[in-house]
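A.B. asks: Chains as they are written, first to last, in our numbering: chain A, 6 to 68; chain B, 1055 to 1194.
These are calculated hints, taken from the structure and not from any lab test. It cannot be assumed that every hint is accurate.
The list that follows gives simulated cross-link-like pairs (lysine-lysine, BS3-like), each with its CA atoms no further than 25 Å apart [stated by the list, open to error]:
1. A:K42 / A:K11
2. A:K42 / B:K1129
3. A:K9 / B:K1129
4. B:K1129 / A:K11
FRET-style restraints, in silico, Cβ to Cβ [unchecked claim]:
5. A:R52 / B:L1149: 31 to 41 Å
6. A:E62 / B:S1107: 52 to 62 Å
7. A:R52 / B:V1123: 17 to 27 Å
8. B:R1139 / A:P48: 13 to 23 Å
9. B:S1160 / A:V12: 56 to 66 Å
Predicted model, so just to flag it, every value in this text is computed and none were measured. Note that the Cβ used here is the ideal one computed from N, Cα and C, for glycine as well.
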Amino acid sequence: MTNKLKVLRAERNWSQQHLADQLEVSRQSVNAIETGKYDPSLPLAFRIARLFALPIESIFSDS
Amino acid sequence: MFCNPFSKNASPAKRRYTQGVALTMAGYLFAVLGTSIYVHNHHPIGVMLYLLSAIPSFCILCMLIVVVVYLRDEKDEYVRMLTVRSLLAGTFIVLALGTFTDFLRSYGQLPGLPPFTEWIAFWFSFAIAQAAQRRSNSND
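Model the full structure from these sequences, guided by the hints.
C.D. replies: What follows is the structure in structure tokens.
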């Protein structure tokens, strides 16, 4: 699975720590998701989508 | 477990885990010291010896309870997954070591492992797995 988390974060000029604080996870989690080492659970993916006000499928794709 | 438990970014579960480990280890040290001195001086037998052996064992088992509580309370699913992976690594190493040495013992080549080898191997493997994953994560 790929995602646009890094791009979306960069567009808002947020640090990984800032994003992690908003999602209530650790910075390591954000880093692992951005680098594709970890695919978030559905609840966390929904939280990410809500935070960026985007549909899940526009952030995550299975390609 | 994967960042400084004393930092302001540490989760409440992680802080409780650190406190739990410190308390458990302190209890274990006192229990081992106390029971060892008692056994050395009074040479108890039977039920008393069983009870004295159970005291430090209970402290060690409390350590596992602290880990279970941490896994239950940690809200960060990625950190939780890394901890579970480390526990699996520790379990794998202990089972592999135990199986190998049991075969050696059954073939008459080894008298048996020294006491507590499994526990030391388990926590050592756990720590190595944690460090390896932390290093892998920080390389990005």
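A.B. asks: All hints, please: hold or fail.
C.D. replies: Hint check results:
At roughly 13 Å between alpha-carbon atoms, A:K42 and A:K11 fall within 25 Å of each other, so this suggested pair holds. With a C-alpha separation of about 19 Å, the suggested pairing of A:K42 with B:K1129 holds against the 25 Å cut-off. Pair hint A:K9 plus B:K1129 holds up; C-alpha atoms about 23 Å apart against a cutoff of 25 Å. Taking the CA atoms of B:K1129 and A:K11, the gap is near 22 Å; set against the 25 Å cutoff, the hint holds.
A hinted range of 31 to 41 Å holds for the C-beta pair A:R52 and B:L1149, which are about 37 Å apart. As the Cβ distance of A:E62 to B:S1107 is approximately 59 Å, the hint placing it in 52 to 62 Å holds. With their beta carbons about 24 Å apart, A:R52 and B:V1123 fall inside the hinted range of 17 to 27 Å. A beta carbon spacing of about 20 Å between B:R1139 and A:P48 agrees with the range 13 to 23 Å that was offered as a hint.
At about 59 Å, the CB distance of B:S1160 to A:V12 agrees with the hint of 56 to 66 Å.
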